[in-house]
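Fit chain B to the given chain A structure using the hints.
Protein chains: 2
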Amino acid sequence: MTPEIIETLRKEIGGDKVHTSDEVLDARRFDYSVPAHLRDWRGEELARPGVVVRPESTAEVQSVLRVAGETRTPVVPYGLGSGVCGGILSDPSVILVDLSRMNRIREIDETNLLASFDAGKQGLEAEEAVAALGLTIGHWPQSIAVSTVGGWVSTRASGQFSTAYGNIEDIIYSIEAVLPNGDIVQLGKAPRAAAGPDLRHLLMGAEGTMGIITGVTFALRRKPEERAYSAYYTPSLSAGFEAQRTIIQSDWRPPVMRQYDAAETGRNFRDFTAESVQDRGLLLMVHEGPSSRVEVELEAVDGIAKRFGLEEAPKGIVPHWMENRNHVPTWQQLFEGGLIADTIEISASWTKIEAIYDEAITSLREIDAVIAASAHSSHVYRTGINLYFTFVARHDDSADMEATYLECWRRVMQATARHGGGIAHHHGAGRLRKSYLVHDLGETGLSLLRTIHRAIDPQGLMNPGNLIPDA
Amino acid sequence: MTPEIIETLRKEIGGDKVHTSDEVLDARRFDYSVPAHLRDWRGEELARPGVVVRPESTAEVQSVLRVAGETRTPVVPYGLGSGVCGGILSDPSVILVDLSRMNRIREIDETNLLASFDAGKQGLEAEEAVAALGLTIGHWPQSIAVSTVGGWVSTRASGQFSTAYGNIEDIIYSIEAVLPNGDIVQLGKAPRAAAGPDLRHLLMGAEGTMGIITGVTFALRRKPEERAYSAYYTPSLSAGFEAQRTIIQSDWRPPVMRQYDAAETGRNFRDFTAESVQDRGLLLMVHEGPSSRVEVELEAVDGIAKRFGLEEAPKGIVPHWMENRNHVPTWQQLFEGGLIADTIEISASWTKIEAIYDEAITSLREIDAVIAASAHSSHVYRTGINLYFTFVARHDDSADMEATYLECWRRVMQATARHGGGIAHHHGAGRLRKSYLVHDLGETGLSLLRTIHRAIDPQGLMNPGNLIPDA
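In order, the protein sequences belong to chains A and B. Number 12 in the working numbering belongs to position 12 of the first sequence; there are no gaps in the numbering. Residues are numbered in the working numbering as their position in the second sequence, beginning at 1, plus a constant of 471.
In short, the hints are calculated from the structure, not lab data. There could be a bad hint or two in this list.
[Stated by the list, open to error] Using 30 Å as the maximum straight-line C-alpha spacing, the simulated BS3-like pairs for lysine-lysine come out as follows:
1) B:K694 - B:K823
2) A:K306 - B:K694
3) B:K823 - A:K223
4) B:K777 - A:K223
5) A:K306 - A:K352
6) B:K777 - B:K823
7) A:K315 - A:K223
8) B:K823 - B:K905
9) B:K694 - A:K352
[What the hints assert, rightly or not] Examples of chain B residues toward chain A, derived with CB under 8 Å:
10) N638
11) Q657
12) A661
13) L673
14) R693
15) S820
16) L912
17) I923
[Unchecked claim] A few chain B positions that, by computed beta-carbon distances, are all more than 12 Å from chain A:
18) R481
19) W512
20) V617
21) R741
22) F743
23) D750
24) R796
25) V841
26) V863
27) D871
28) L877
Note that beta-carbon positions come from the ideal geometry of N, C-alpha and C, so glycine has one too.
The shape of chain A in the complex, shown without the other chains:
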C-alpha cells in the first residue's frame, strides 16, 4: 500500500473516511473464523489491511473500486465481520472496504412488501425497522445482531425460520452492486422475470469476489397472525427424520423445525430432560400463519409425530430455545478453558443424511482430543435436510489446537462428500471450505466459476484468496 494510493483515496472520498490508525486496522484483520482467532489469541501477529475506507454512499464505493482498479490494488469488502469461514483475511497490500457506515434505510413499501437498505445496515436494525410497521424480513440468522444485510446476500445466508420463509435467495428482491470495473448494477426489477439469466446469483454467495454489494431490497412478509410451538422427544434420529420428511412432503411448513441428537438434547435442554428421556433426541417446531391454518397444522403435525413414535415434550422447550438461540460463548472463552470448537453445516438428501451423520460423528470421536461431537438439523426441504455438526476438542497446549481443528473439518467434509451431500449449507465457503468446493461443483464447475470470475474481475483484485480455488 503506497502513500499515494491512500492520498488518492482521501481525495476521492474524503479524509475522514480513510483510516490508517492501529485501532481501526487491528479491528479488521479477520472475521469470526476460528483459526484466525486462535492465532490472534495465541499472540501471533496477524496481518492488517493497508488502509481501511468507510464509504457512506454507493458513489464512494465506486470511487474506491476505480482507484483500486487503476492502481491494481486488492480490495476486501467487510460488513460487521461475523463470517465464520475465513472470508476476511487482511494483508498490508489491501484496501479494506468497511461498509458499516452505509447503514441507511432507503425505503419501506408497505403495499408491495419491499424494503431497501444500504448493504451495511445491521440485520436486527433492518428487521426492527420493518417490524415497527407490522412486517418482517423473515430472515433470522444466529448472527442477526452482528451481521449486515449485504453480508447475508454476499454469503448466501439462511435464517432459523427458513423452512417456511426460504433462504436469502428466496427473500432477496434486488441487489445493487459496484463491479470491479466501477459499473453500478441494479439487478432484480420485478416480482419475477424471464429476462435472461438471473444475474443476482453472480453476487449471491460470491463472498466479495465479484464486486461489492451496496444495497439490497427484500421481499417482506406481514407478521403472522399466530405463532404456536410444538416439541417432541424422538426415539431415534431416524424416527425424527422420518417425521420431518413426512411433515414437509405433506406440504406442511412450520418455519422452524429442528431436530437435536441425544447429545445436544442433553447439553442444550438439561432442564427439560428427565431421567426417563435421557437417551432421546428432540424435535422442536415453530408454527406461524393465519390462526386457522396454524391450528390444523398443529393437529396434522401431532398425528405425524405420533405415527413415528415421537412423544410430546414440554412446550416450554421452544420458548426456551427462542430466548437463548443466539447466545454462544466466544472463541476466546473456549480457548481459555483449553477448548477449541466449531460448527459445520452441510446438507443432503433424506436417504444420505444418516450415513453422513454416522460417519462424521464416529470419525470425529476417533480423534483423541475430541470430547464432544454432535449434530442437529435446522433447515428442512422436500428433497432433504441440513445437519449442523458441533465438535469440541481439548488440548492442554494450545499449539496443538489448530491441527485438530482442521482435522475435524476434514473429517466432516469427507463424510459429507463420500455420501454425496453438499459440503456447505449456509455459512458460505470462505477459505475454510475452499479446497472442498470441488465436491459440490466438480472440476468443470470450478473451472466455470473461475471463468466467470476472471471475466468480471480480470485483474483478480476482489477479495483475492477467498472462495475460489486456484486451478
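Coordinates of chain B only, in the frame set by chain A:
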C-alpha cells in the same frame, strides 16, 4: 455449412443422427413465434439450418459442440420448438441440435422426491411418469405437451400452478449441461448450498446462449390430498387485485389464482356470464394441499373476497378452465381469418400494475387494426403480480400484419417500462424482447450479461443473435 463439417458430425455421432433432408430441415426453421409463422404462411422462404443433429446422449452433444468449436460453426439448440419469442431462427450456417431424442427418464427417487430426465423429454411425459407414482413436478406451462423439460429450464418457464409451487427456478434441483468448450457440468448437488454463486442460474434463462442443457433433475411434490375450486366475479380489476394481494400477503397460497378483466371474462367464459354480470371480471382459484388446510383456506379466501366486494361465481367455471386451459387456436387459423394475435406477459409491483394495464390496453386500442385488447393475471407474488396481455388485430392485406404486430409489442413493452414493471414474466426474451431487455437490466446489467456470455462462449457460437443485444 461445409460438407466436411457434416461428414465429421457423421463420424462423431453416427450418420443416422445427422440429417440434411428437406423435411427435417424445414421442420426446424423457427419456433412458435408469430413473425416467423406469418412470413412462412405468406410464402416467404425462411432460412433452414445447415444440418440437423439428433444426439441421443450427453457425450454426443459434447462431440457436436467440440466439432462446432473446432470449426467455428454456430449452434442452435432445439427442444420441441414451442417457444414464442423467436429464440430459434435457423440459418444455413448453423448446426441445429435437436434434443428430442434425448428423452429418457433417468431416475425417479420417491423418498427424496427427485426426478431426473434427459433434457429432451417431453413435459407431459415427464409429469405422467412421476404421476404414476403419486408424485407431481408441479410445473404446468400451457405448452406442457409440446415443450421439453430442458426447454422449461432454458427459458425460465412458469407453470399455471406457480403461485404455490413456484416457477422453474424453484422446482429445479440440478442441471447437467455441455458448455461451449465441451465441458460437461453438473450443477446443483444438495437440497440447498452456500458454496459460491449458484451457477445453475447462468443456464436458466440463457435460451441456448451459454451451452446446451442435457439433463435436469426436479424437486417433486407428493400429489395433494385435496383439490378444491373457488370463483368470484370482480366488480373491478382494482378490487380483484386487492383481494389477491390480501390473500397472498396473508400467507394463503392457492396454487392457481387468475383474474380476468371484463373483456376476457366475456370472451372465455361466455356460458357463465349472465346479463347481470356482463361488466364483471372473474377471479378463479384452485386450492390444493392437506384436506384440513384446503378447508380453512377456502373459508379465509371467501372472507377476503367478500371484503373487497367480490361475488361468488358458479364453481363450474374452474373445472371448465381446467379442461380448456391449454387449447389455443393455431397462428395459421388466425391468419386465415385475417387476424394476427399474440399474448405478452409482464410483471410488476401491486402499485404499478394498474397503470401498466391502463396504458397498455388504451394504447393497444388506439391502433386502428386492433379489434381486441385484454388481459388476465396468472401468477401472484407477495410483491406483485403478472399480467398476460392478449391482442388481436385484423388486416385484409396480410402484408400489413407484421408492422401492426410489432407495434402492439412496442406499446405493451413501453407501458411496462414507463411504469417500472419487468418486461418479461415467463415466456423468455428471445429475439422479440431482446431490444427491451435494457429496461430490466440497465446498460450496466446488459454489459455484465455480455461479459459473462463472452467468457463462456468466446467464439460467439451459441444461438447467436438470440437474447443478448449487441453493445
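Given the hinted pair K777 (chain B) and K823 (chain B), is their Cα-Cα distance within 30 Å? holds, 24 Å
Using the nearest Cβ pair, does L673 (chain B) come within less than 8 Å of chain A? Hint on L673 (chain B): holds, closest Cβ of chain A at ~5 Å, below 8 Å.
Just checking, D871 (chain B) versus chain A, shortest CB gap more than 12 Å? The claim holds: D871 (chain B) sits with its nearest Cβ about 30 Å from chain A, beyond 12 Å.
Verify the proposed pairing of K694 (chain B) with K823 (chain B), using a straight-line Cα cut of 30 Å. violated, 36 Å
With a cut-off of 30 Å on the C-alpha distance, tell me whether K315 (chain A) and K223 (chain A) pass. At roughly 22 Å apart (the allowed maximum being 30 Å), K223 (chain A) and K315 (chain A) satisfy the hint.
Quickly compare the C-alpha distance for K823 (chain B) and K905 (chain B) to 30 Å and report which way the hint goes. holds, 23 Å
Using the nearest Cβ pair, does R693 (chain B) come within less than 8 Å of chain A? R693 (chain B) check passes; min Cβ-Cβ to chain A is 5 Å, inside 8 Å.
Quick one, are K777 (chain B) and K223 (chain A) close enough, alpha carbons at most 30 Å? Between K777 (chain B) and K223 (chain A) the Cα gap is close to 23 Å, so the pair holds against 30 Å.
Taken at face value, is the distance from the CA of K223 (chain A) to the CA of K823 (chain B) at most 30 Å? Holds: K823 (chain B) and K223 (chain A) sit about 24 Å apart, inside 30 Å.
Does I923 (chain B) pass the interface hint, meaning its C-beta sits closer than 8 Å to a C-beta of chain A? holds, 6 Å
Is the claim that R796 (chain B) lies outside the interface with chain A correct, judged by CB distances over 12 Å? Its Cβ never comes within 12 Å of chain A, the nearest being 20 Å, so this holds.
Would the stated hint for N638 (chain B) survive a check requiring a Cβ distance to chain A of less than 8 Å? At 6 Å from the nearest chain A Cβ, N638 (chain B) passes the 8 Å test, so the hint holds.
Consistency with the previously given hints fails for number 1 only.
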